[in-house]
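J.: Okay, here's what each chain looks like letter by letter:
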Amino acid sequence: MTMRRSAGGTRLASLLVLLVLLACAGCEREARRFDDRPPAPASGDAVRLTPLEAGPVTKQVSMEDRSDDNAWDTAQGKRLFSQFNCTGCHGQGGGNSGPALMDDMWIYGAEPENIYATIVQGRPNGMPSFQRLQSQQVWQLVAYVRSLSGLLAKDVAGGRDDHMQRKAQEQSTDPMKPRDAQPRPAGQP
Amino acid sequence: MSDSRASDVDVAALPTTVFGPRDLGWWGTVGFMAIEGTTLLVAASAYLYLWRNAPTWPPEHTLRPSLFWPTLSTAVLVLSNLPMIGVSRAAHRFDLAELRRWMIVASVLSVAFLFLRWQELLALNSRWDTNAYASVAWLTVGMHASLLVMNACETVVFTVFLHTSRVTERYFSDASDAGVYWVFITLVWVPLYALVYLGPYFI
Amino acid sequence: MTARAVSPSRLATADDHAAAAELERTWGDRPGLIGWLSTVDHKRIGIRYMVTAFVFFLLGGLNAGLMRLQLSQPENGLLGPDRYSQLFTMHGTTMMFLFAVPMMTALGIYFVPLMVGARDVAFPRLNAFGYWVYLIGGLLLYAGLFTNTGPDTGWFSYVPLAGPEYTPGKRADVWAQTVTFTEIAALIASVEIIATIFKHRAPGMSLNRMPIFVWAMLVTSFMIMFSMPWVATASLFLAADRLIGTHFFNPAEGGDALLWQHLFWFFGHPEVYIIFIPSLGMVSHIVATFTRRPVFGYTAIVLANVAQGFLSFGLWVHHMFATTVPQIGSSFFSATSAMIAITTGIQIFCWIVTIWQGRPRFRVPFLFVIAFVVVFMIGGLSGVMVASVPFDTQVHDTYFVVAHLHYVLLGALFPLFGAFYYWFPKFTGRRLGERAGRWHVGLFFVGVHLTFFPMHYLGLAGMPRRVYTYLADTGWGPLNLLASIGAVVLVSSVVVFLANALVSLRRGTAAGDDPWEADSLEWATASPSPPYNFVHQPVVEGRSALWDRSEAGPVVTGLRTDVREALVTTVMDARPDHRHFAPSPTVAPLLAALATGVTFIALIFTPWGLPVGSVLLLVTITMWAWPSREEHADQRSQETGAPA
Amino acid sequence: MIQLGGHSALHPAGPQAARIHDFWQFLWIVAAVVFAAVVAALLYAAFRRRGTDLDPPAAHRSAVRAVAAATVGSLVVLFVFLLLNFRAGQALTMPPDGAVHVKVRGHQWWWEVVYPAATPSDQVTTANELHVPAGRPVVVELTSADVIHSFWPPSLVGKRDLIPGDVATIWFQADTPGVYRGQCAEFCGHQHAKMGFLVIAEPPADFEGWLRRQRNSSATPADSVAARGQEVFLATQCALCHTIRPTPAGSRVGPDLTHLAGRRTIAAGSLPNDPASLARWIADPQGVKPGAFMPATPLEQADLDALVAYLGTLE
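Chains as they are written, first to last, in the numbering used here: chain A, 1 to 189; chain B, 1 to 203; chain C, 1 to 644; chain D, 1 to 315.
Just chain A, with the same shape it has in the complex:
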C-alpha cells in the first residue's frame, strides 16, 4: 500500500519535472529582446581572429549580444539576411556568386566571432563590409548563418518561411562539422 502510494507520488513528481524541463528550454530561447541591449555600432576591429595583439589593447565587442541561443533573434537574422540582399550572392544559403552557407566548408572560420568579423569587415572577392549595422543585428545574422548548416540548437533554428522553398528548413538541418576551405580565385562563380 505505502509502496503504491509513493509510486503515485513519484508519478506526479515526474509530471512536474517534465514541466520544469520545459521551463529551462523556455526563458532564454523565447525572450523577445527589443531594447534590453544598448545600441552599439558594429566596429570591424572589435572582433579578433587571434588572441594575440600588437600594441595597445583595443576594445572587444561583448559576447553578451550573441544570439545563437535565441529563436527570435535568429528569426530576425533570417529577415535581415534577405532584406540586406545577402541572398543576392549567397542565394538561400546554397550559394551563387558567393560561397554556399549551408555546407560544412568555411573559408574564414565558423566560430561566431569569425562570421561576425566576416560580415563587418567584408572579405576579398566581393564580400562587402556591413560596418554600418548595429552590433546586435550582426549577431542576429551570425546566428542565422550558423543555423543554415545546423550549428544551432533545433529549437532555436528557424522553420520553413512563407516563400518558395529552395532548401530544407534550418531546424531540420543536421549539424555539419565545419571544415576549413580555400577561398576561390576571384571572378569564378
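The reader is advised that the hints may include incorrect statements.
[Claimed, not checked] Incomplete in silico selection of chain A near chain D, CB under 7 Å:
#, residue
1, F34
2, D35
3, P39
4, Q83
5, R132
6, Q134
[Said to hold, decoys possible] Ranges of calculated distance between the beta carbons of each label pair, as one might list FRET restraints:
#, chain 1, residue 1, chain 2, residue 2, range
7, C, L498, B, S165, 47 to 55 Å
8, D, E141, C, V612, 48 to 56 Å
9, D, V39, C, R361, 14 to 22 Å
10, A, D180, D, V139, 52 to 60 Å
11, D, V64, C, F362, 21 to 29 Å
12, D, V39, C, D548, 52 to 60 Å
[Stated by the list, open to error] Computed, partial: chain D to chain C, Cβ under 8 Å:
#, residue
13, V38
14, L83
15, F86
16, D161
17, C188
Simulated from the structure, these hints should not be mistaken for laboratory data. Computed from a predicted structure; not experimentally measured. Idealized CB from N, CA, C, for every residue including glycine.
Dock chains B, C and D against chain A, hints included.
T.: For chains B, C and D alone, kept in the frame of chain A given last:
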C-alpha cells in the same frame, strides 16, 4: 423479498452479454468512429479546398502518385472484411476456438496493412515539405495510417489476450465490436484512396 | 409494506441497510492517495473537473485584470506589447478551452448520471483519462506562460502570424498542443455522455421524459463530437507547418491563410453554443424549481436546443466578413446568424411564461436567472447586429465585438453561478450563504455592465481589439478607465463568491436530500451522493421525475450489489435491456494520460515524440484494458450468476 | 499632439460610412425596443401581484398564444432586418466610375502607399498617408507583405483584410476635405496597436498638385547643416533601409522618405512629425514602438540635429 411490489422492476433475469447496438461498448466504438470519421472529413475538405485554389493539381514539377501499391493495399483492406465475417460469426456463437483462429488471421492482416501503408506513403512520390499538395496528401494518408496503427495494436493485444487468459462471455461481444471498427477503417479508406491517389489523374 | 429506499438517507428495511452497506464496499474507492489517483467515480471526477476549471477561470480573470490595468489609461507603460500579447492570448485560450467547455462537460459528467438515475457514466475509466489529459493540457499552457513561452498570437492563432516565420520559437506550438489536449478531453466526455444518456437511463425515462439539462448536454455532446475534430485537425496542420515544414498555410507553395480561418471558425462558432446551450438547460431547471412548476413548452425548448445545434454549424463565415470571401455567400450566413436568434428567443419566451404562471421564490439562483435574461438579451441583440455584413465591416475586430461576445459568454456565466448555488447542496450537503449570494449576483450584474457596455461605444469610436495601448489623442481614455473600474467590481463579486463557498463548505446550513423541492432525479438521493448514487434506482413515472412520483414509488430490484453491476436500458423508451459490468478503479488512465502528455509535449520539439509516445501509450492502454484477477472473477461470477 | 481627423463610425464622412451609420440607427432603435419589451415582460411576470389565476386550460391556451405571437413577432423583425441589410450591402458593393486608384501594401507595422501611373517614373510611393481628392471615389487595392492586416478608416468605410497571397479591393469616398484617421484592425504582431494611417481628403486641384510634387525628387540640401545631415543619413544604417531620391539611398525595407517632411505623422501615426519627435524616433525607436524593426541609431547630438534638419528639408 417479502415486500417486493408489482410496480418494482426486477432485472435479475436480464442477460449480461448482448451484441451490437444493444451493447454499451458498441456505442463507445461508434462514438469514436464518428470522431475519427469527422477528422478524416476535415483532411479531405482541406485537400479539396487547396485543390480548388490551385491552378494545376498536382503543381508543376510535382509527380503524380503511383498507383500500384495504393490500389493493391485498398483491395486488401476491402477484402480483409471477409475474415472479419468469420470473427463476428464465431463471436456470436461464443465459439472460442474459432474466434482465436480468426483473430490470428486478423492480427496478421492488421500488421500487413502497416507495411502496405508504408508503400502507399512512398507512392505519393513527393515529400510532405515539397508544397501544399504534398503536405495535405501526406497528412490525409498519414492520419488514416494512425488509425491502422491503433487497430493493429488493438487487434494483436486482444488476440494475445484471447490466447493467454480465461475468456468470459463479454469478450465475445467486444470481439464483434472490434469487427465493426474494422469495417469502418477499411471502408472509410476507399473514398480517401479515390481522392488522394486517383484524384490527381482525373481533373 | 414500505417502499424500497432510493436514497441512503432513507433506508427503511433491513434489506435496504444490507444493500447500501454492500454497495458502499463495491463502488467505494480505496483510501488514501492511491484511491484519489485511481478513482473512476463520475462525481469525484466531475468535482475535480469543476475545481480545476474554476482555478483556470481565476487565472484567466487575472490575465484580463492585468489587461484592464494596462488599458486604464492611454500610452500606459505597465505592460509591453510582448507581455500583453501573451496575456490576451492566454485569457482567450484559458476561458474558452480551459474554463468554459470543461466546466460545462464537468457538470454533465457530474449530473447526467444522477439525473438519468444511473450508477456511473458509461465509460468510467475513459472519464478519468479525459480529466487527466485536460489537466496536463492546462498545466502545459501555464508552464508556457511562466517560461516566457506563452502563446502570443491570439486564441484564434491566425496564420501566417502564428506560422513558423512570424512566430519563431515554441510559443504557437504550446498553443497548438494545449488545444489538442483539451479537444481530446472534450471529445471523450462527449462520447461517454452520449452513451450514458442513450443506454443508462432509469426505466421509464423515455426520451420525451428526459430532463431539459440532459437534453442540452446531449445536443452539446453531439456538437462537440462534430465540431472539435475541425480545430484539432487544424492545430495538427499548424504544428506540422511549424515543426516538419509542411505548407498548408504558405501561399507561395499553394497553401492558403484563409484555410485556417475556415477550419478554425467551423469549430469556433459551434464552440460558443457548446458553452451556452448547457447554461440554457440550467436556466430551465432553476426556473422550474423556483416557480414550483414544470417549464412551459418542454417540447418547444428541446426542439429549439436541437435546432440551435444544427444552425450553429452554418454560421462560421460571419467571423470572416472582412476577408475576401464572396459577398453573395456572406448574405446566406447573415440569414442563418439572424435566424438562430429565434431559437434562443423561444426559450426565453417559455421561461417568462413559466414565471408568469408560477409563484416565484426569489432565491439567489432565481435572481441569477433574471439577471441572465437581461444580460443575455443585450448580447443576443448585438449578435444580430454583427450578423449584418455592412455593419460588421465597421465593428468587426473592434471593442464592439469584445462587448458583444462578453455579454453572450458572461450571459452564459450567470446561469452557471446560479447553478452553483442551486447544486452546491448536492455537491457538499450544505447550502451557500444567501445574503453573500445576493451581493454576488448584484456586484456581478453591475460589474458586467460597467466593464462591457462602454466597449460598444469604444468600438464604434474606432478602437480595435488586441491593442496593448492607444494614443491619448484618440479620446478613448475615460471610457477605458470606466471599464477598468468595472473590472474591479467584477473581481470583487468573484471574491465574494469564493469567500461564500469556503465559509459555507464548513458552516453552511445542512441541506438534506432535496433542499429546493426540485423535480429531477439528482435530488432523489443523498447530498452528497454516495459512490453508487442510488440504493435502488428509481423507476420514472413522468416528465417531472420527482413531482410525478407516486407515494412509495417503484424502483429497480435484482441488480447485484456485490459486483459493479449497472443496468442498461433501450435507447428510445428506456426499457430494461441487460446488466452491464462496470470497470473498477485503476491508475491506468492516469498513466495513459501521462503517456499522452509525453507524446504531445515531445512533439513540440521533435517528430520522434510520436513513435516513442505511441509505445508508452500502447503499454499503458494494455494495462488499462487487461482485466485484473479480481475483475475477472467478478465477471465470471456475474455471468454464472454465482458470487465469486 | 497629433491632429486627429474624424476616426469614428459614428461620424461618417463618406457615402459608405453614412449608409452603414443610417443602418446602425435603425439597428439600435429596434434593439432597444425589443430589449425593453422583453425585460418589461420578464419583470412583470416575476413581480406581478398574484391574484386568482385562470383555470389551467385557459391559462395554457393564453400562454401558447403569447409564445407563438412573440415568436412570429421576432421572425418579422428579423425578416425586415435581413431585407434592409441586403439593400445596404448592395449599395456598398456597387463599383464606382471615375475612381482614383491607389495601392496599399501592409507591412509589420506600417502602410506602403503607391499611386500607380502609366509611366513607371510617374509612380508615386509614400507611407502611412493616403491623399485623396474630396468628392471623388477612391478604389484601394490591398495586399500584404507579411501577415494579415486590416485597412480601416471608420469615418469613411468599413474594414477590409489584407491577406498574403491574395488581393482585396475596397472603395470609399470622402465627401468633404479633411483628415480622417484609420488603423490596422487585424492583430498583426507586437505593434498592431501603433499601425495607424491618415486619409487626407483635399480639393481635387490641391490633390493633383500634391501628386505632382510627390513625383519630383528631393532638392539637394541648401545649407551646410542639412548637407551634413545628408552625409550622416548616407553614412549610417539609415541608408540601408530607406529611400531618398535622388540620393544613392534606395532600399525598400522601410518607408520611402523622399518627401518625409510633407507628412503629418511619423512611425505609422504614432508621433507628430516635428524635429523633437523625429530625434526621439531615430535615437530610441524601441522606446516608442517596442518590437518595431527600426533599430536605434546612436549619433552624436550634432549629427542627430543635422540629420533631423536634413529630414526637415524633404518637402
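J.: Holds or violated: the hint that L83 of chain D contacts chain C, with Cβ atoms closer than 8 Å.
T.: 11 Å, violated
J.: Using the nearest Cβ pair, does D35 of chain A come within less than 7 Å of chain D?
T.: Result: holds, 3 Å to nearest chain D Cβ.
J.: Checking hints one by one. Is Q83 of chain A an interface residue toward chain D, by the C-beta closer than 7 Å rule?
T.: At about 5 Å, which falls below the 7 Å cut-off, the nearest Cβ of chain D leaves the hint on Q83 of chain A intact, so it holds.
J.: Using Cβ atoms only, decide whether R132 of chain A comes closer than 7 Å to chain D, and label the hint accordingly.
T.: 5 Å, holds
J.: With 7 Å as the cut and Cβ atoms as the points, is P39 of chain A at the interface with chain D?
T.: Holds, about 4 Å.
J.: Could you see if the CB distance from V64 of chain D to F362 of chain C stays within 21 to 29 Å?
T.: 27 Å, holds
J.: Is the hint on C188 of chain D kept, meaning its closest Cβ partner in chain C is under 8 Å away?
T.: Holds. Min distance 6 Å.
J.: Take the C-beta atom of L498 of chain C and the C-beta atom of S165 of chain B, compute their distance, and say whether it sits inside 47 to 55 Å.
T.: 50 Å, holds
J.: Would the stated hint for F86 of chain D survive a check requiring a Cβ distance to chain C of less than 8 Å?
T.: OK, holds: F86 of chain D within 8 Å of chain C, min 6 Å.
J.: How does the Cβ-Cβ distance of D180 of chain A and V139 of chain D compare with 52 to 60 Å: does it lie in that range?
T.: 59 Å, holds
J.: Starting from the range 14 to 22 Å, see whether the pair V39 of chain D and R361 of chain C falls in it by beta-carbon distance.
T.: 21 Å, holds
J.: Please check whether Q134 of chain A passes as an interface residue: C-beta within 7 Å of a C-beta belonging to chain D.
T.: 5 Å, holds
The structure fails hints 12, 14 (numbered hints given earlier, in ascending order).
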